[in-house]
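Chemist: Taking the hints into account, I'd like the entire structure generated from these sequences.
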Amino acid sequence: MINNIKGTVTLNNGVEMPQLGFGVFKVENGDQTVESVKKALEAGYRAIDTASIYGNEEGVGQAIRESGIPREELFITSKVWNDDQGYDSALAAYDASLKRLGLEYLDLYLIHWPGKDKYIDTWKALEKIYNDGRVKAIGVSNFHIHHLENLMASSEVTPVINQIELHPRLSQEEIREFCKKHDIKVEAWGPLGQGNLLEEPTINHIAEKHGKTPAQILIRWHLQHGIVVIPKSVTPSRIEQNAQVFDFELSMEEMNKIDALNMNERFSKNPDEFIF
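Number 401 marks the last residue of the sequence shown (this note's numbering); no jumps.
Think of the hints as simulated: they come from the structure by calculation, not from any bench. A portion of the hints provided could be inaccurate.
To be verified - Under the rule of at most 30 Å between Cα atoms (straight-line distance), these lysine-lysine pairs were calculated in the DSSO-like manner:
{"#": "1", "residue 1": "K337", "residue 2": "K164"}
{"#": "2", "residue 1": "K306", "residue 2": "K337"}
{"#": "3", "residue 1": "K306", "residue 2": "K334"}
Stated by the list, open to error - Ranges between beta-carbon positions, derived for each pair:
{"#": "4", "residue 1": "R259", "residue 2": "K334", "range": "27 to 35 Å"}
{"#": "5", "residue 1": "V359", "residue 2": "Y212", "range": "13 to 21 Å"}
{"#": "6", "residue 1": "R363", "residue 2": "N389", "range": "25 to 33 Å"}
{"#": "7", "residue 1": "K334", "residue 2": "K224", "range": "32 to 40 Å"}
{"#": "8", "residue 1": "E390", "residue 2": "I127", "range": "42 to 50 Å"}
{"#": "9", "residue 1": "N137", "residue 2": "D397", "range": "40 to 48 Å"}
{"#": "10", "residue 1": "K382", "residue 2": "G227", "range": "39 to 47 Å"}
{"#": "11", "residue 1": "D208", "residue 2": "M277", "range": "22 to 30 Å"}
{"#": "12", "residue 1": "S376", "residue 2": "I400", "range": "24 to 32 Å"}
We treat Cβ as the ideally placed atom computed from N, Cα and C, and that holds for glycine.
Modeler: And the structure:
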């Protein structure tokens with residue numbers, strides 16, 4: 126369990142990744158992205174998660190440059206979008222993301238969604254980028270167990286991470302157990318249930334007890350479960366608050382109460398139904 130915002134987990138290839146990062150899904154490119162990312166970096170975050178489909182890689186890159194923080198102190202993630210799946214197109218997509226970000230390399234590059242049948246070829250492109258030393262680590266996003274099994278059966282490099290929708294209403298315990306068995310870290314996107322859990326009575330009761338916000342309780346729950354987590358906000362005060370989760374601890378009883386909220390409820394698409 127990390128004890129500060131710069132604390133890391135070790136991926137299966139030895140690369141260190143901050144367990145608490147900052148996501149920019151649905152953050153508008155331009156000033157909103159630049160200011161949000163700069164605020165996150167000022168608050169101590171060192172991991173930034175973006176994607177080509179978010180349309181804000183340029184803003185993330187600008188914020189990185191303006192922050193003055195040395196590149197080697199940052200952990201930057203992006204993802205190949207569905208339209209770019211396939212070997213050659215994924216290679217081109219990686220180069221395009223680097224150009225938009227203004228970076229020479231990424232720390233982590235992910236397949237955004239499995240889709241139907243192109244992700245094996247896409248993975249082979251990611252393996253080439255990795256083997257050529259152009260990215261520190263490669264992984265996947267929104268993969269079910271059967272996707273992972275299929276990928277691993279025909280690949281040389283095991284994904285370091287599976288980034289999935291994960292929150293107390295969708296605790297994904299089966300996938301988490303599979304990933305733990307195969308030394309694949311689990312990363313939660315939408316860790317606050319896309320805002321749907323901020324009014325949850327159990328979460329609010331625990332938050333009041335600790336003098337914390339519901340978001341802080343949710344983030345702490347992920348951290349104590351060993352999950353990499355990337356909360357998103359464009360509000361400066363909340364960006365700061367979401368980083369202030371290391372001065373308290375949830376008891377086993379509180380963790381169990383939050384665990385019990387699981388309803389296998391998604392607030393986004395099921396990867397088995399989002400076919401392209």
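Chemist: Take the hints in turn and mark each one as holding or not.
Modeler: Now for the hints, and whether the structure bears them out:
1. The straight-line distance between the Cα atoms of K337 and K164 is roughly 21 Å, inside the 30 Å bound, and the hint therefore holds.
2. With a CA separation close to 34 Å, the supplied pair K306 and K337 exceeds the 30 Å bound.
3. For the hint pairing K306 with K334, the CA-to-CA distance comes to about 35 Å; that exceeds 30 Å, so the pair is violated.
4. Range check, R259 to K334: about 48 Å between beta-carbon atoms, so the 27 to 35 Å window is missed.
5. For the pair V359 and Y212, the supplied restraint of 13 to 21 Å is violated, since their beta-carbon distance comes to about 36 Å.
6. Distance hint check: the CB atoms of R363 and N389 are about 28 Å apart, consistent with the given range 25 to 33 Å.
7. A hinted range of 32 to 40 Å for the beta carbons of K334 and K224 is inconsistent with their spacing of about 48 Å.
8. Our hint of 42 to 50 Å for E390 and I127 is violated, since their Cβ atoms are close to 28 Å apart.
9. Between N137 and D397, the C-beta spacing of about 25 Å breaks the proposed range 40 to 48 Å.
10. A C-beta distance of roughly 45 Å is found between K382 and G227, which places it inside the suggested range of 39 to 47 Å.
11. Look at D208 against M277: about 25 Å separates their beta carbons, and that is inside 22 to 30 Å.
12. About 42 Å separates the C-beta atoms of S376 and I400, a value inconsistent with the hinted range of 24 to 32 Å.
Going through the hint list in order, the structure does not satisfy hints 2, 3, 4, 5, 7, 8, 9 and 12.
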